[in-house]
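Read off the chains here:
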Amino acid sequence: MYWVSMLLRRLLQGLVVIFLVSFLIFTLLRVVPGDPARLIVGGMAPDHLVEEKARELGLDDPLPLQFLHYLGELVQGDFGNSFLRPKSGASFGGSAYDDPTRGERAAVLDLILDHLPLTLQLAALAIVFCLLISLPLGVAGGLNPGRWQDRLAFFTGSLFVSVPNFWLGIVLTLLLSVKLGWLPSIGYKGFGYAVLPAIVLAIEMAPFVIRTLTVSLAHVMQQEFIAIAPVRGLSRWRIVGSHALRNASVPLMNLFGVQLGTLLGGVLVVEFIFDYPGLGLLTINAVLQRDFPLIQGIAIFISAIFVVINIAVDLAATAVDPRLEY
Amino acid sequence: MTLLATPGEAASASPDRTQALSPSGRMLRLAWSQAFFKAGLLVFSLLLLTALIYPEVSGVDPTKMNYRARLVPPLFFGDWQWAHPLGTDQLGRDVFVRCLVGLRFSLLIGGATVVLMFSVGCGLGLVSGFKGGWVDTVIMRLTDAQLSIPMIILAIAVLGVSRPTLPAIILVLGLSGWPLYARVARSVTLAERGKDYVRGERVLGASDWRILLLFVAPLVLPPIAFVAVLDVARMMIFESILGFLGLGVQPPTPTFGNIIADGRKYLINAWWIATMPGLFLLVILTSLNLMGSAMERARNQVLKGGA
Amino acid sequence: MTGEGGRLLEVRDLTVSLQRMTEDETILDRISFDLGQGQVLGIIGEAGSGKTVLARALVQGLSEPLTVTAGRVTYRSRDLLSLGQAELAKIRGREIGYIGANPAGSLDPTVPIGAQILEKLRSVEPGLGRADAKERVLEVLAAVRIPSPELRFHEYPFQFSGGMMQRVMIVDALVSKPAVLIADNITQALDVTVAAQILQLIQDLRQAFSTAIIFISSSLPLVSRLADEVLVLQDGRVVERATPSALTSAPRHAYSRSLLRRLPRIWGGAIEVPQARPAPTLLEVADVAKSYRVRKKGSFAGHNEIQAVRGVSLEIREGETFGIVGESGCGKSTLTRLLAWLEQPDRGRIAFRGQDLSKLGPAALKRLRRSFQLLLQDPYGSLPSHMPVGRIIAEPLLLHDRCRRAELSQRVSAAMEEVGLDPSLETALTVGLSAGQRQRVNIARALVLEPKLLILDETLSALDQVEQSRLLELFDRLQRDHGFTYIFISHDMALVRKVCHRVAVMYLGRIVELADNATLFDNPGHPYSRALLSAVPTLDEHPFKTADHLLDGEPPSPVHIPRGCSFRSRCPAAQPICASGDPESRPWGAEGSVACHRPGAYGSGAISAMLGPSEEVAHAQSA
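So the sequences go chain by chain: A, B and C.
For the first sequence, the numbering used here gives the first residue as 3, with consecutive numbering after it.
For the second sequence, the numbering used here gives the first residue as 6, with consecutive numbering after it.
For the third sequence, the numbering used here gives the first residue as 28, with consecutive numbering after it.
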């Protein structure tokens, strides 16, 4: 009963959020300068063609009407078609307005779903690497506040958070790929190509995990129930292993929900650096080419993922700590 | 009385000079007592001073090309030529001076952005937390919505379609970063709203605005401002990412991002053009983050230690 | 095993220090005592005397910077302080159980209590099978009278009330059948009637489990009721050791004498109580009610209605001190907020000097606010930490009187002097001030506008006894000098006895009895009033035997209020008539009233049916 009502409430809230996101990104893209119709038909096309295109795409309608129209299609699962990308795949720019292939443009949703698996693979690998780095550091730091373990966690966190991800990508490519030849780096021809980008992402995320884990574990270790647990007869191993870590994991889960945006932002840049053909690269190219429907579609899709993952995080956190039920 | 409270209580009962200080004063003192904070401050001040003075004093123009001195390696890899400590790029421009000028812009953008997002975010967060009701609901759904689009997507979407000028960059980064501040300010305000001193003011007949501005804001804002240094560093990274994507301050003005993007093309035969500015940025950001994290710790200690 | 009365625990010269950078501070100074088989040793000491440190030092439960620097703790000829972890594990938690003062924080909040007790039992008795262990846990859960133990076994700590959680902790300690139980201030966080239940329970279990108990408390009456022998602890030193009767009748040490002298007197010939006298009405409260809607757990849009205040009527007279007493959750804080007009009642009216507050416009209300002030409970949360003391006291003047700077500072200094604050504190921040000083700042801020009515919401409960009595004197003086009227909200019956002219007793949002001081304490009409009085820890000879008036169970939640008389579910004198309807207030005593169907009736059979067999014996003996 609780789960159902909670899911319902959160899904409704999520819908409001997604609606706001669509509205925000829609208006944002319409009020900034730049004429999409001109973009589609090509820079050298005569003015009447541009106007015709604008009419065809409904770009002449008032803004609220355009938005309602877009929402209507969105509800039916239609994210619209890309301005620029043909059905076959590869993007092309160019100014030739009479190119015959322009008629067949790719559906935004298809583009997103095509690129999603690679990004998921990258994100999953990055999370694994991140936990490998930060769990030992964070746990050691949280259990020994003020000692060298704590300082190490503190310094590593401060150092990692200061690394510009794109620069790290370049440096690692230069060292591990170009000089040493250990790992492939540019493009994607197999799983190995995901390793370097995942390392960069992991280093970007690790400081948040380290800091949260250190702070929350140190906090839990000061709780009364931990302090009196040895007096009740529990062993140190049990106290830390099954009580302290359990309680410290809740803030960590919440962190994941909040920092998901950072992770996705990192994915964007890292995919661009490594020319890794996932959602991030798709986004950057869409922006650089001013492919409005694609940008809109991706933003809405991401906010939907965000909503779903945050609900999942809340459910998981509630399963660990039932006090969070509300 | 819990066991762990015992030593703390006993400790706070002893005469202590920090006792007479306001919370912010105690935070500063605690931050200063950490070695990491001092180290960060030292490195940061040195680099800042260099950035302010060196380009003027040396008279080296960061945009001046010099074809006879192209691709000179850094000091410690070449012939120990002090003229170009970090080497030169493909056009013979001095990498060190370009980094220093880049640093000026980076700090300017980082600082201004944080001021902007602090003001907008905390302002809305205070009102949201204190007023509650539909105001709170509206503001919180807005932050949810904005948090669910990665900030960087928002920034490049806007800057990608419009022209990236300095004010535009500050505005876009600042406006995309406010929701986190709003959330923090709101949650602290919510906690403060229930405190007895607010009730006391209400009984006296004070208006909401008086309570908010005179009592709640002065208590809520300093601890938040205290760790804003961390966000200055974060914003500097964002600025460099934008520059790298070609969406930052436009060339010929050097920024960390566009220097590294340029240097990337010469990575194989002149690795220093891309890596040295990054290393330089890494050092300054680490110094900032060490200071910021130390301040964050100090703040948490003071806030946890009671009123 | 040593024989009956043999020594179980020997403590010799136990010394504990707090280690600091520069010097060590001695927290416990050469403590020595013995504990015999089945004996109850009481340890009494005030806050800061080192009682909790002692409790934990006995079982190596101290953590840095506290360390044992000298002495021995011998349990059955093994020195506990020099045992290794493995050896210690066989004793700690198994043969020596521990119960602390804070039941709510004593278990992992994210794991059901049953699983945690099971975990503990199987940690200290590794040979025990899972099923056997669970059976034993359920057995002991039933023994401490937790209703439906099988269900509650699977519930989480936050689903238990304070009293029930303390029972759970008793189970946790006793489940391994320890020879020694350390009970450290176990009733401190509980309401008096619940504390009385717990105390009764400990007395019963002591026999059932034949456990020796070290009972630590700051309340001399509690300790002397339970203990065979009492240690008096002052600043980490044992200053006296005596039997309870010897200690209370002929204390030898000066500190013990002062402890005894400072005990509040509630009954007895020598005490003087404030007399109610007629005066014009200052504040009139008529049939005021307030309920809150909270979201129902596990529903999409359902709400629960919490009826916090249900139809309260009273009249506060000019110049009197009016007490409102009741246990947590009785609605007295909500009533306070209504009286201070921080919230508006759902129905009913509150009138100050005949002016209905709900009919006043904002400006008139603000003017009227000068006349009534609220003094809050928490001396730490009630003062903004960023303002100097002088500025805080000046705040009401800045809000209400546009006076000149010179006059402002003069009035601030006058107020500070009146409450006994050092003038040098005017520019100081509140950070370094003691709780008592902070309350004085609050008082100065309240009286700077020269109000008529002061609402004191548990204002003294965070202070120690010395500071309490000083502030009481101050309040008394202010009442004489300025003719203040006080509404005194408290859970402390002894304080109420000392200062209030008339008292209202609240239970579940209603006033169940309203009486003058003498009537309430000597001839109360409501069974709840008698239960409250019987549970007050005191050494005074008093007419309310605990066993006659002990309440059953816990207060019901204000969401599900029993039908008929709302006190029916816990009343030892409940009869069929009580289910018929909520009793109207009827006159009782000189000028009081009581809301009960059978005012003055005593419970007879109900109590013995509720208690276990061991009680019946005790009951018979006491009767």
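It should be emphasised that the hints constitute simulated quantities derived from the structure, not laboratory data.
Careful, some of the hints might be misleading.
Just so you have them, the derived chain A footprint on chain C, three or more residues with Cβ under 8 Å [unchecked claim]:
id	region
1	114-120
2	131-138
3	144-157
4	225-234
From chain A, some residues computed to sit far from chain C (all C-beta separations above 12 Å) [unchecked claim]:
id	residue
5	Leu-67
6	Val-222
7	Glu-226
8	Arg-234
Dumping the calculated DSS-like pairs for lysine-lysine here, alpha-carbon to alpha-carbon at most 30 Å [to be verified]:
id	chain 1	residue 1	chain 2	residue 2
9	C	Lys-572	C	Lys-525
10	B	Lys-270	A	Lys-181
11	C	Lys-161	C	Lys-204
12	B	Lys-136	C	Lys-386
13	B	Lys-136	C	Lys-323
14	B	Lys-200	B	Lys-136
15	A	Lys-191	A	Lys-181
16	C	Lys-479	C	Lys-386
17	C	Lys-323	C	Lys-386
18	C	Lys-525	C	Lys-479
19	B	Lys-136	B	Lys-309
20	B	Lys-43	B	Lys-270
21	C	Lys-572	B	Lys-200
22	B	Lys-69	B	Lys-200
23	C	Lys-161	B	Lys-136
24	B	Lys-200	C	Lys-323
25	C	Lys-525	C	Lys-393
26	B	Lys-309	B	Lys-200
27	C	Lys-117	C	Lys-161
28	B	Lys-200	C	Lys-204
29	B	Lys-200	C	Lys-386
30	B	Lys-270	A	Lys-191
A quick note: this is a predicted structure, and the numbers were derived from the prediction, not measured.
C-beta atoms are modelled at their ideal positions from N, C-alpha and C, and glycine is treated no differently.
Practice item. Taking the shortest Cβ-to-Cβ distance between Arg-234(A) and chain C, state whether it exceeds 12 Å. Key: 5 Å, violated
Review point. Is Lys-136(B) within 30 Å of Lys-323(C), Cα to Cα?
Key: Holds, because 23 Å separates the two Cα atoms, which is no more than 30 Å.
Point to revise | Lys-200(B) paired with Lys-204(C) [C-alpha distance capped at 30 Å] | key: 45 Å, violated
**Study point:** Hint consistency between Lys-200(B) and Lys-323(C) [alpha-carbon to alpha-carbon, up to 30 Å]
**Key:** Status holds; Cα separation ~25 Å.
Check your understanding: Holds or violated: are the alpha carbons of Lys-161(C) and Lys-204(C) at most 30 Å from each other?
Key -> Holds, because 14 Å separates the two Cα atoms, which is no more than 30 Å.
Check your understanding: Quick one, are Lys-43(B) and Lys-270(B) close enough, alpha carbons at most 30 Å?
Key -> Answer violated: Lys-43(B) to Lys-270(B) is near 38 Å, above 30 Å.
Review point. Under the criterion that the straight-line Cα-Cα distance not exceed 30 Å, is the pair Lys-270(B), Lys-191(A) satisfied?
Key: Given that 30 Å is the threshold and the Cα spacing comes to 23 Å, the pair holds.
**Study point:** 30 Å limit on alpha-carbon distance, applied to hinted pair Lys-200(B) and Lys-136(B)
**Key:** Distance ~15 Å between Lys-200(B) and Lys-136(B) Cα, so the pair holds.
Practice item. Grab the minimum beta-carbon distance between Val-222(A) and chain C and tell me whether it stays above 12 Å. Key: The claim is violated: Val-222(A) sits with its nearest Cβ about 9 Å from chain C, within 12 Å.
Practice item. Decide if the proposed pair is consistent with the structure: Lys-270(B) and Lys-181(A), CA atoms, cutoff 30 Å inclusive. Key: 16 Å, holds
Review point. For the region 114-120 of chain C, do at least 3 residues have a Cβ located nearer than 8 Å to some Cβ of chain A?
Key: n = 3 at 8 Å, threshold three: holds.
Check your understanding: Under the criterion that the straight-line Cα-Cα distance not exceed 30 Å, is the pair Lys-69(B), Lys-200(B) satisfied?
Key -> 61 Å, violated
Consistency with the previously given hints fails for numbers 4, 6, 7, 8, 17, 20, 21, 22, 23, 25, 28, ordered from lowest to highest.
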